[in-house]
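Colleague: Sequence:
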Amino acid sequence: MFGGGGGGLNPRKMEQMMEQMGIDVEDIDAEEVIIRTDEYDLVFDDAEVTKMDARGQETYQVIGSPAEVESGSAGGATDSAADDAGSSIPDEDVDLVATRAGVNEDDARAALEDNDGDLAAAVEDLE
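In the numbering used here, the protein residues as written are -13 to 113.
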């Protein structure tokens, strides 16, 4: 977790010191980490993620080599199911619009796509 840098503290000693200072460290088994910006997304596949809690202040450390992709094109676990259906609209949004407007899921998905994912506009168009 912490590099010795040529003769520094060993990891066990570092953990003991952090525990004495009230810092809890937890490794997170992350499959993918996405950092979204206005211009691009940074996608870390198989990143090492560490959560540190120091007296209520949580800090996350991400270690890995990111791939820079166009903003919004990085998919997550929830997007992959929607991508299989040929759309980037989350299934939860489709269900909500279909229920509110009283239409089938295909019509709800089409309305959401026409309105760039805007739930209220999609429901209004369908009513």
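Keep in mind the hints are simulated off the structure, nothing from the lab.
Treat the hints loosely; a few may be bogus.
[Said to hold, decoys possible] FRET-style restraints, in silico, Cβ to Cβ:
| # | residue 1 | residue 2 | range |
| --- | --- | --- | --- |
| 1 | D100 | M4 | 46 to 56 Å |
| 2 | T85 | K37 | 21 to 31 Å |
| 3 | E113 | K37 | 43 to 53 Å |
| 4 | K37 | D111 | 21 to 31 Å |
| 5 | E44 | A107 | 32 to 42 Å |
Virtual Cβ for every residue (Gly too), placed ideally from N, Cα, C.
Colleague: Work down the list of hints and note, for each, if the structure agrees.
Modeller: Hint check results:
For D100 and M4, the Cβ-Cβ distance of about 53 Å falls inside the hinted range of 46 to 56 Å, so the restraint holds. As the Cβ distance of T85 to K37 is approximately 37 Å, the hint placing it in 21 to 31 Å is violated. Range check, E113 to K37: about 45 Å between beta-carbon atoms, so the 43 to 53 Å window is met. Look at K37 against D111: about 43 Å separates their beta carbons, and that is not inside 21 to 31 Å.
The hinted window of 32 to 42 Å between E44 and A107 holds, with their beta carbons roughly 36 Å apart.
Taken one by one, the earlier hints fail for this structure at numbers 2, 4, listed in ascending order.
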